[in-house]
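Here the structure of chain A is known, so what remains is to put chain B in place on it, guided by the hints.
Chains A and B supply the protein sequences, listed in that same order.
Just so you know, we're using this note's numbering here: the first sequence kicks off at 1 and counts up by one.
Just so you know, we're using this note's numbering here: the second sequence kicks off at 1 and counts up by one.
Everything labelled a hint here was simulated from the structure, so no lab data went into it.
This one's a predicted model, so the numbers in the text were calculated from it and none came from an experiment.
A portion of the hints provided could be inaccurate.
[Said to hold, decoys possible] Per the computed footprint, the stretches of chain A lying under chain B, defined by three or more beta-carbons under 8 Å from a beta-carbon of chain B, are:
{"hint": "1", "stretch": "73-80"}
{"hint": "2", "stretch": "84-98"}
[Claimed, not checked] Straight-line distance between alpha carbons at most 20 Å, and here's what the computed EDC-like set of lysine to aspartate or glutamate pairs gives:
{"hint": "3", "chain 1": "A", "residue 1": "LYS217", "chain 2": "A", "residue 2": "ASP207"}
{"hint": "4", "chain 1": "B", "residue 1": "LYS115", "chain 2": "B", "residue 2": "GLU144"}
{"hint": "5", "chain 1": "A", "residue 1": "LYS133", "chain 2": "B", "residue 2": "GLU144"}
{"hint": "6", "chain 1": "A", "residue 1": "LYS252", "chain 2": "A", "residue 2": "GLU233"}
{"hint": "7", "chain 1": "A", "residue 1": "LYS128", "chain 2": "B", "residue 2": "ASP18"}
{"hint": "8", "chain 1": "A", "residue 1": "LYS267", "chain 2": "A", "residue 2": "GLU228"}
{"hint": "9", "chain 1": "A", "residue 1": "LYS126", "chain 2": "A", "residue 2": "ASP158"}
{"hint": "10", "chain 1": "A", "residue 1": "LYS132", "chain 2": "B", "residue 2": "ASP18"}
{"hint": "11", "chain 1": "A", "residue 1": "LYS53", "chain 2": "A", "residue 2": "GLU4"}
[To be verified] Short, incomplete list of chain B residues facing chain A, as computed with Cβ under 7 Å:
{"hint": "12", "residue": "ARG3"}
{"hint": "13", "residue": "THR6"}
{"hint": "14", "residue": "ARG10"}
{"hint": "15", "residue": "ARG17"}
{"hint": "16", "residue": "THR127"}
{"hint": "17", "residue": "LEU129"}
{"hint": "18", "residue": "PRO130"}
{"hint": "19", "residue": "ALA225"}
{"hint": "20", "residue": "SER226"}
{"hint": "21", "residue": "PRO227"}
{"hint": "22", "residue": "ARG294"}
{"hint": "23", "residue": "ARG298"}
C-beta: ideal position from N, C-alpha, C; glycine also.
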Amino acid sequence: MLVEMKNLVKRYGNNLAVDNVNLEIAEGEVFGLLGPNGAGKTTIINMLLGLTKVDGGEIIIFGKRVNGNREDVSKHIGIVPQELAIYEDLTAAENVAFFGRLYGLKGKLLQQRVAEALAFTGLSDKRKEFPKKFSGGMKRRLNIACALMHRPRLIIMDEPTVGIDPQSRNHILSSVEDLHQQGSTIIYTSHYMEEVEELCTRIAIMDQGRVIALGSKEELKELVSSEERIVVELAGVNYTVVDEVRKISGVKDCILTDSTLTVLASKRPSLISSIVDAITSAGAEVISLSAEKPTLESVFLTLTGKTLRD
Amino acid sequence: MSRIITIARRTIVQNLRDTGNALGQMLIFPILLIFILGNALAPMYDVGNVDPTVVGYLNEDSGPMGRLADEFMNMPEVKDLLDVRPVDSVTQGNNLLQDMDITALIHIPGDYSTKVIAGQEAEIVITVLPGRTFRGALVETVMESFICGSNATQAMLAMGNPQPEYRPAQGSIEDQPFSVSGLMPDAMDYYAVTMLVMIVMYGTMYGAYGMAANNLYPVGRRVKASPVRPGEQYIGTTIGNVATIFVSSLVIIAFSHFAYGVNWGDNLFLILLITFLHVILAVGLGSMAIAVMRDEKRASVLINLLVIAWTFLAGGYFKITLPSAFSWIQYFSPSFLVQTALFNTIYGGPFSQTLLMLAAMIGIILLSGIIGIAAERRSGQ
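Pulled out of the complex, with its shape left as it was, chain A reads as follows:
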């Protein structure tokens, strides 16, 4: 295993931020850490990097305990922090070169890796420009370039696509795919369910400091295979619709967004007709209706009782 977390515990006063977490990540995996704010994802990442003291348990990376070998272990880790962590007063190339030097690169090799990292993130033509002139997406890509230039064995990406345009987001996602194809091991955290679903080979769902589910996306969906997600487009919407639908036996949750009603419920033969009846009795009209297969979103909702962005 490339990364092993054994009985990991972190407390902040009386708050148990990480509660006895056990995880193993194999070489070449894209491992997703999924959870709402405060679930403990960033705390775990900080402990992996040796930035936050571990209160209990241990972390072993590349066969070495992080505690006592931080500098040695961190040489082979690339971190893409959640917040932009670049220098606005250094050019794109200078930013990447600065972090390269911290990881021991110098001379021609340094210049070569700077060029490669900027090319990989689509910033070659911006190498001499200052990030203060960059769009949010370009800054995010530079944030990634600074993590890759020393060719780390383990790349940790903490919410790398937060707040960026679709073009940059697609670029980043395809970059992660490329890194995976090249054999890199990646730990990927995100609020965006579809990203995790698309990229990750295995996923841990976290809530309140604990891992509440772990497996491939297929394994996780199997956990809620007895449920279905029904999406109804409505006309003449009023809020009594939600109350009426929630009264139906087997309905676990019901969310109204604009004119779209999303219902999560246990599978049973007469469910759809019950929902249509409830909508009609509430004075609304059904325009279209579809039953969807379980997604990670519905898995998360089932396991935690809340949406990922709560």
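Okay, now just chain B, sitting in the frame of chain A:
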């Protein structure tokens, strides 16, 4: 070591590119202030000629000493220093003093000669207007000169010379103009030192920003996630900031010397050493402020207030003289320590005091360094 150099170099590049701060605050601001204050306040620092001090003179002694006193007061050397106005009584003299028409009253009592010749204690009464300490001291000095002469005359009388002549030795009272150039600062010299000290003290802001960037900003935490060892980031940032401020100080010293003719004394090495230690002290204090407060805005406000207070206490804006009972307060101002060391070095003050100031500065540097590195380690808890 290479990581320390990398971090130091990045800090310098950042500081230089932050042109509004680096060039504006650290160079142009003090150079302009030295020029403005040095010229505007020049008269306060000029050492001009002293006009003769107006004194009332009441001589009630008709004996030989009284006659000698009259002769003495009419000597050209004394007239250069004292504008003697004879009065008829102590009451008249006191009235003139009250009306501030005279600065001092010299009263020779009627029994002065008798007592001197008899070998008894005799006194000449000098009354000086309150607050005129300098001119009062001048009158006292002149009269002491007379007393020395009168003692010699008394000795001659005792030896049997009935008509001794009062003839002061050449140079006993002489208005000797002396050059103060290089021995006392004029306004430009004074403000070159105080503005240098003030602006280096604002280098605390660099220390504070560096420490905040290392510990409170995401990019600082990213550096910590790299293979840097504990303390390397702090040392590298400090070296970069110290280098930036020290080079700025050199520019101020060189510019003020060559453009304004400011006197930096003969011991340039010691001046640079004091300045270098001062720069480290300033950066260290800024780092310590962030380490303790963990809030960049609050620390910046505190630092700004402290620099103003320290500069004021050190007499950076204008010279201040605290009552001796309160003069110890000045030693709480790092600016005072540095200014004292610099002025002592330039104008030949006691070297032992300079060493004491340097020792105090090194103490503050060590303390702030220990607290800074401890805070770096604490940030990972």
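Evaluation of the provided hints:
no.: 1; hint: 73-80; result: holds (count 4)
no.: 2; hint: 84-98; result: holds (count 8)
no.: 3; hint: A:LYS217 / A:ASP207; result: holds, 17 Å
no.: 4; hint: B:LYS115 / B:GLU144; result: holds, 17 Å
no.: 5; hint: A:LYS133 / B:GLU144; result: violated, 79 Å
no.: 6; hint: A:LYS252 / A:GLU233; result: holds, 19 Å
no.: 7; hint: A:LYS128 / B:ASP18; result: holds, 17 Å
no.: 8; hint: A:LYS267 / A:GLU228; result: holds, 6 Å
no.: 9; hint: A:LYS126 / A:ASP158; result: violated, 24 Å
no.: 10; hint: A:LYS132 / B:ASP18; result: holds, 13 Å
no.: 11; hint: A:LYS53 / A:GLU4; result: holds, 16 Å
no.: 12; hint: ARG3; result: holds, 6 Å
no.: 13; hint: THR6; result: holds, 4 Å
no.: 14; hint: ARG10; result: holds, 5 Å
no.: 15; hint: ARG17; result: holds, 5 Å
no.: 16; hint: THR127; result: violated, 70 Å
no.: 17; hint: LEU129; result: violated, 63 Å
no.: 18; hint: PRO130; result: violated, 61 Å
no.: 19; hint: ALA225; result: holds, 4 Å
no.: 20; hint: SER226; result: holds, 4 Å
no.: 21; hint: PRO227; result: holds, 4 Å
no.: 22; hint: ARG294; result: violated, 15 Å
no.: 23; hint: ARG298; result: violated, 21 Å
In summary, the structure is inconsistent with hints 5, 9, 16, 17, 18, 22, 23 from the numbered list given earlier, while agreeing with the others.
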